[in-house]
Amino acid sequence: MSGKPVLHYVSVRGRMEPVKWLLAAAGVEFEERILKTKDDLQKLRTDGCLLFQQVPMVEIDGMKLVQTRAILNYIAGKYNLYGKDLKERALIDMYVEGMADLYDIIMNHDFKPANEKEKDLANIMDKATNRYLPVFEKVLKDHGHDFLVGNKLSRADVNLLETILMVEEFKPDALAKFPLLQSFKARMSNIPSIKKFLQPGSPRKPPLQEKDIPNLLAIFS
Amino acid sequence: MSGKPVLHYANIRGRMEPIRWLLAAAGVEFEERILKTKDDLQKLRTDGCLLFQQVPMVEIDGMKMVQTRAILNYIAGKYNLYGKDLKERALIDMYVEGLADLFELIMYHEFKPANEKEKDLANIMDKATNRYLPVFEKVLKDHGHDFLVGNKLSKADVSLLENILWLEELKPDALAKFPLLQSFKARMSNIPSIKKFLQPGSAKKPLIQEKDIPSVIAIFH
Numbered sequence: 001m002s003g004k005p006v007l008h009y010v011s012v013r014g015r016m017e018p019v020k021w022l023l024a025a026a027g028v029e030f031e032e033r034i035l036k037t038k039d040d041l042q043k044l045r046t047d048g049c050l051l052f053q054q055v056p057m058v059e060i061d062g063m064k065l066v067q068t069r070a071i072l073n074y075i076a077g078k079y080n081l082y083g084k085d086l087k088e089r090a091l092i093d094m095y096v097e098g099m100a101d102l103y104d105i106i107m108n109h110d111f112k113p114a115n116e117k118e119k120d121l122a123n124i125m126d127k128a129t130n131r132y133l134p135v136f137e138k139v140l141k142d143h144g145h146d147f148l149v150g151n152k153l154s155r156a157d158v159n160l161l162e163t164i165l166m167v168e169e170f171k172p173d174a175l176a177k178f179p180l181l182q183s184f185k186a187r188m189s190n191i192p193s194i195k196k197f198l199q200p201g202s203p204r205k206p207p208l209q210e211k212d213i214p215n216l217l218a219i220f221s
Numbered sequence: 222m223s224g225k226p227v228l229h230y231a232n233i234r235g236r237m238e239p240i241r242w243l244l245a246a247a248g249v250e251f252e253e254r255i256l257k258t259k260d261d262l263q264k265l266r267t268d269g270c271l272l273f274q275q276v277p278m279v280e281i282d283g284m285k286m287v288q289t290r291a292i293l294n295y296i297a298g299k300y301n302l303y304g305k306d307l308k309e310r311a312l313i314d315m316y317v318e319g320l321a322d323l324f325e326l327i328m329y330h331e332f333k334p335a336n337e338k339e340k341d342l343a344n345i346m347d348k349a350t351n352r353y354l355p356v357f358e359k360v361l362k363d364h365g366h367d368f369l370v371g372n373k374l375s376k377a378d379v380s381l382l383e384n385i386l387w388l389e390e391l392k393p394d395a396l397a398k399f400p401l402l403q404s405f406k407a408r409m410s411n412i413p414s415i416k417k418f419l420q421p422g423s424a425k426k427p428l429i430q431e432k433d434i435p436s437v438i439a440i441f442h
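Chains S and B are the protein sequences, given in the same order. Going by the working numbering, the first sequence opens with residue 1, and the numbers climb by one from there. Going by the working numbering, the second sequence opens with residue 222, and the numbers climb by one from there.
No lab work stands behind these hints: they were computed from the structure. Cβ atoms here follow ideal geometry from the backbone N, Cα and C, with glycine treated the same way. Any given hint might turn out to be false.
Negatives, chain S to chain B, calculated, CB over 10 angstroms [unchecked claim]:
1. Glu29
2. Lys119
3. Ser221
Just some of the chain B residues that point at chain S, by a computed CB distance under 7 angstroms [claimed, not checked]:
4. Val287
5. Gln288
6. Arg290
7. Arg352
Assemble the whole structure, with the sequences as input and the hints as a guide.
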């Protein structure tokens with residue numbers, strides 16, 4: 001028993017990826033147990049490991065934590081990435097929750113039928129460039145600091161970097177109109193723990209490939 | 222300016238209802254600005270009041286807070302309904318997030334077309350009675366306390382009561398197999414601040430009437 005957190009999930013980004021980002025940014029090493037078949041998921045269920053019969057599940061500090069936000073809140077709190085008081089937490093929560101809405105539509109994009117994909121992508125890019133990215137460009141512009149909240153790295157910054165990189169995977173020039181987000185991205189990517197996570201061979205998962213989908217659906221059906 | 226929180230939303234339960242519940246349970250009086258038309262929503266947007274152009278929005282302590290979870294976390298933190306340490310918060314978060322998944326199904330049920338309602342209700346009741354309610358019955362059974370976490374009222378208890386009552390509106394015998402949840406419901410309903418919220422004339426919203434659905438949908442689309 002290494003004492004490291006153990007992440008239970010499938011081999012794709014899905015709902016576990018923000019957890020990996022946050023642990024990595026916090027400099028916390030972790031292990032992964034990859035579910036490959038429905039039997040793997042069923043075993044976790046019959047062993048009583050999953051409070052609501054679902055993954056993500058993270059074994060950490062003697063707990064079997066489920067529910068992505070509960071896991072992220074705990075990690076952020078433990079590693080001082082959640083602001084210094086209630087009001088900073090409120091800002092961080094607003095930013096993170098907005099990005100979670102965008103993440104949901106990005107995550108679901110892979111499962112859209114082929115004839116809906118183009119329209120869906122247009123919606124994602126519209127929301128990203130008109131609703132979400134401008135908010136964070138303005139936050140950085142208004143206070144002129146390197147980080148979104150409290151002049152200190154928080155989970156909101158980690159989340160924003162993850163979001164930016166995902167949006168750029170859809171459209172490489174997504175940040176064209178957002179100069180401060182471009183420099184934010186460069187700065188954040190150079191933070192040693194994050195730089196390490198961005199290297200090949202890290203636990204960071206690649207975008208979902210179409211060939212993975214049938215197996216995924218089989219596990220979660 | 223009364224100093225009371227001001228809640229901006231449509232005249233339905235929707236995503237604002239958990240916030241009304243939590244403020245009420247905390248004994249905090251609040252005001253409501255009801256959006257009746259799309260123009261009302263547009264005005265909030267053009268006045269720059271909505272960070273991501275969406276409601277719920279709650280004016281509280283000099284902030285215009287958006288995103289339901291951010292708002293609930295702030296209220297819970299401010300009024301000591303969020304546990305005493307990180308580990309209690311982790312439990313509360315897991316319970317609340319599981320209930321939020323159930324709530325999402327329950328909330329949308331009101332807007333399902335008539336021909337889909339029966340199947341939708343069956344799905345809700347299946348999830349409630351097989352995935353969610355048993356978890357909370359077991360939590361109460363295992364520690365024998367009156368409240369879910371830390372032997373003290375928290376946002377998890379308020380959320381559980383809210384969901385139980387809504388389930389019972391859909392199916393009066395929803396708690397038939399859960400004796401500890403039945404006594405939990407009775408105890409919680411007698412807490413003075415909550416008892417007050419359950420009286421006619423409180424800010425608690427009724428189930429939507431079919432005739433009102435089109436005008437509500439028009440606000441958001």
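Hint-by-hint comparison with the structure:
1. Glu29: 20 angstroms, holds
2. Lys119: 16 angstroms, holds
3. Ser221: 15 angstroms, holds
4. Val287: Nearest chain S Cβ about 6 angstroms off; hint holds.
5. Gln288: 4 angstroms, holds
6. Arg290: 5 angstroms, holds
7. Arg352: 6 angstroms, holds
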